[in-house]
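Enquirer: Top to bottom, those sequences are chains Z and R.
For the first sequence, position 14 matches number 14 in our numbering, and the numbering has no gaps at all.
For the second sequence, position 206 matches number 206 in our numbering, and the numbering has no gaps at all.
Note that these hints are calculated values from the structure, not bench results.
None of the values given here were measured: they were computed from a predicted structure.
Among these hints, one or two may not hold up.
[Unchecked claim] As a list, the in silico DSS-like pairs of lysine-lysine whose alpha-carbon atoms are at most 30 Å apart:
1. Z/K17 / R/K28
2. Z/K54 / R/K25
3. R/K60 / Z/K54
[Stated by the list, open to error] Just so you have them, the derived chain Z footprint on chain R, three or more residues with Cβ under 8 Å:
4. 19-29
5. 33-44
6. 97-104
[What the hints assert, rightly or not] If we take Cβ atoms under 10 Å as the criterion, some of the chain Z residues that face chain R in the derived model are:
7. L28
8. L49
9. G82
10. L84
Don't be surprised by glycine CBs; every beta carbon is placed ideally from N, CA and C.
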Amino acid sequence: MIMNKQEFLTCSGLQVKTLEFWLEQRWLIPEQTAVGMKFSDADVARARLIQELKTGFRVNDEGVDIILHLIDQLHGLRHALGQLRNGVIE
Amino acid sequence: MRNPYEVLDVAPTASSAEIQTAYRKLAKKLHPDLNPGDKSAEEKFKEVAGAYDLLSDAEKRKRFDNGEIDATGAERPQQNFYRDFASSDQAHPYADASGFADFMDGDDAFAELIRRGQRARANRRGQDLHYRLPIDFLESIAGANKRLTLPEGGTLDVKIPPGLVDGQILRLKGKGGPGTGKGGPGDALIEVEVLPDRRFTREGDDITLELPISLSEAVLGGRITVPTPTGLVTMSVPKGSNTGTTLRLKGKGAPRRGGSRGDQFVKLNVVLPKPPDPELEAFVSSWAKGKEFNPRKD
Chain Z
1 MIMNKQEFLT CSGLQVKTLE FWLEQRWLIP EQTAVGMKFS DADVARARLI
51 QELKTGFRVN DEGVDIILHL IDQLHGLRHA LGQLRNGVIE
Chain R
1 MRNPYEVLDV APTASSAEIQ TAYRKLAKKL HPDLNPGDKS AEEKFKEVAG
51 AYDLLSDAEK RKRFDNGEID ATGAERPQQN FYRDFASSDQ AHPYADASGF
101 ADFMDGDDAF AELIRRGQRA RANRRGQDLH YRLPIDFLES IAGANKRLTL
151 PEGGTLDVKI PPGLVDGQIL RLKGKGGPGT GKGGPGDALI EVEVLPDRRF
201 TREGDDITLE LPISLSEAVL GGRITVPTPT GLVTMSVPKG SNTGTTLRLK
251 GKGAPRRGGS RGDQFVKLNV VLPKPPDPEL EAFVSSWAKG KEFNPRKD
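Looking at chain R on its own, in the form it has when it is part of the complex:
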């Protein structure tokens, strides 16, 4: 980073008006949008703008003069200039051929070259079209075939691969906007939104299910059926299970790359019978040990 006074070509004693004048004079010539073909213009312009940022701020200038901050103290954030867009190959409404329209009228070889160039511009690949597709949680784990109704009419069949995560983008080659001339169609880019599920949650390749069990299943243990993304399975609940006890079903989670799968965790939630059972009430009120036990101790 050069000394900002050198960059703006002013004396260290220059007044703020002199600094402003010097900046305007340089910036006008160096502004990248006024020099679309000069790659170095952007760097030079940033240097000048940075120097002006520093010297136009009395506080910053004082601190720089005192050596408290260096010349980079006023670095500008990245900026996209208009020329970055105007020079892209995409068609845009500001394009203007009147600067060379007269060249195309002639009979000479050069006019023919330019005319062919203009025609080639017509051979443009179609636009990529963006869509959003909401799917159920279970569809995201097991995979599915969905049909997307397009806002501009028609439908698109989308195959959801198993194990897809929220926000993933599927690319359907050639299903985007039509191209012109020899340019092929663009692609359809589908952002998949996985809707939250009432029961299942996902973390990485593992999924968690909160499952209610009865008091007797919790106390005595037993075999229960558990829903998984690929169907019901049987699982044994060990004796003395509690709310919050988590059991693991190996390989019942989301599919991974390479064929293996994550696990499904089943978090138990003990639920008392409804409506309250008088027999249970009678037992608990006469159950001395139960009254002694205080889970909030320690």
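Bound-form chain Z, shown alone:
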């Protein structure tokens, strides 16, 4: 589902201030359109992960930054690996 900023706030339970900080940190990168930001289900799941890191595991902001960066690289790697496996290479 694609949602606007207000819908995303309702769906994720975030405060506006928190969201703005996360956007500033580029922890969340919603699609920019002519009518404003557009958030996807992946953004909601990513926001939930950040919340769990912060409240569940008591990771601080620097830690979240590092973890997200590593997770993103890990998924990049997994993707590249998956493509190698999927016989993209003939």
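With chain Z's structure known, arrange chain R on it following the hints.
Expert: For chain R alone, kept in the frame of chain Z given last:
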């Protein structure tokens, strides 16, 4: 479902602080988003989270200790983890190739393989685009050809099949977003909204029309013309018809799969002449039997 104390590896006498510490320690290692490749992590994480849900709630823990609820009492609802999205094949803004960028620079066979993999990623099928198209009720029954003006410019010709229902989605193959490289275009998915009609309503394959008739047609009967989705037809109203009397026109409803059609029901509504007719008034006031009849009796 295992015993929650065993799951968290704590003694049944553990304090709530000990339980919290044990949970954090396990959850950190088992969180599915921190283990994107481990399918069992999600199950284990859910088990740990479930156990913690139960034992972290003093009330629930007491009831579990007393045997009032079992270990499943704290089952968590289905959750979509971030890894489910990040590992899909769709392009997303968080993808980061810096973890292996150095591998691609080399002259060796492995670097060539990865480079080809990256290029193949460019051969992606276009996105499916979603649209909404409102149509009239009669168009939904009889079918129509519509032209959809796209928000991003251009138009799309849509053939509405007869008998379509509200909310149905039409797929136009290859009319979606353009693909990249050798990936073909996506599809256009058009959700059709059937606008409500002033006169007709639909239930399943049958449609109902409320039709006004005059007092003399109601009392004496007669032949009247009736609109249907496929044009006007003639129908006879039997003598003594009343408001609410429903007549059936066989096979004038919505088309079904296989060629047959539902029926059209015509619900009559008797309407007195306007403006009030003095002759009718005079007749009714001198009409003894009419005054005797009380439709609210029994």
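Enquirer: Sort out whether Z/K54 lies within 30 Å of R/K60, counting only the CA atoms.
Expert: 25 Å, holds
Enquirer: Does R/K28 sit within 30 Å of Z/K17, going by the straight-line distance between their CA atoms?
Expert: 27 Å, holds
Enquirer: Go check the stretch 19-29 of chain R versus chain Z for me, would you? Three or more residues, Cβ under 8 Å, otherwise it fails.
Expert: Answer holds; 3 residues pass the 8 Å Cβ test.
Enquirer: Can you verify the interface hint for Z/L84: is its Cβ closer than 10 Å to any Cβ in chain R?
Expert: 5 Å, holds
Enquirer: At a threshold of 10 Å, is the proposed contact between Z/L49 and chain R supported by beta-carbon distances?
Expert: 4 Å, holds
Enquirer: Can the hint on Z/G82 be confirmed by a CB-to-CB distance to chain R that is less than 10 Å?
Expert: 8 Å, holds
Enquirer: With a cut-off of 10 Å on the beta carbons, see whether Z/L28 makes it to chain R.
Expert: Result: holds, 9 Å to nearest chain R Cβ.
Enquirer: Can the stretch 97-104 of chain R be counted as covered by chain Z under the rule of three residues or more with Cβ-Cβ separation shorter than 8 Å?
Expert: holds (count 4)
Enquirer: Given the hint that Z/K54 pairs with R/K25, test it: the Cα-Cα distance must not exceed 30 Å.
Expert: Roughly 14 Å between the alpha carbons, so the hint for Z/K54 and R/K25 holds.
Enquirer: Examine the stretch 33-44 of chain R: at least three residues should have C-beta closer than 8 Å to a C-beta of chain Z.
Expert: Holds, because 4 residues of the stretch 33-44 of chain R bring their Cβ atoms closer than 8 Å to Cβ atoms of chain Z.
Of the numbered hints listed earlier, not one is contradicted by the structure.
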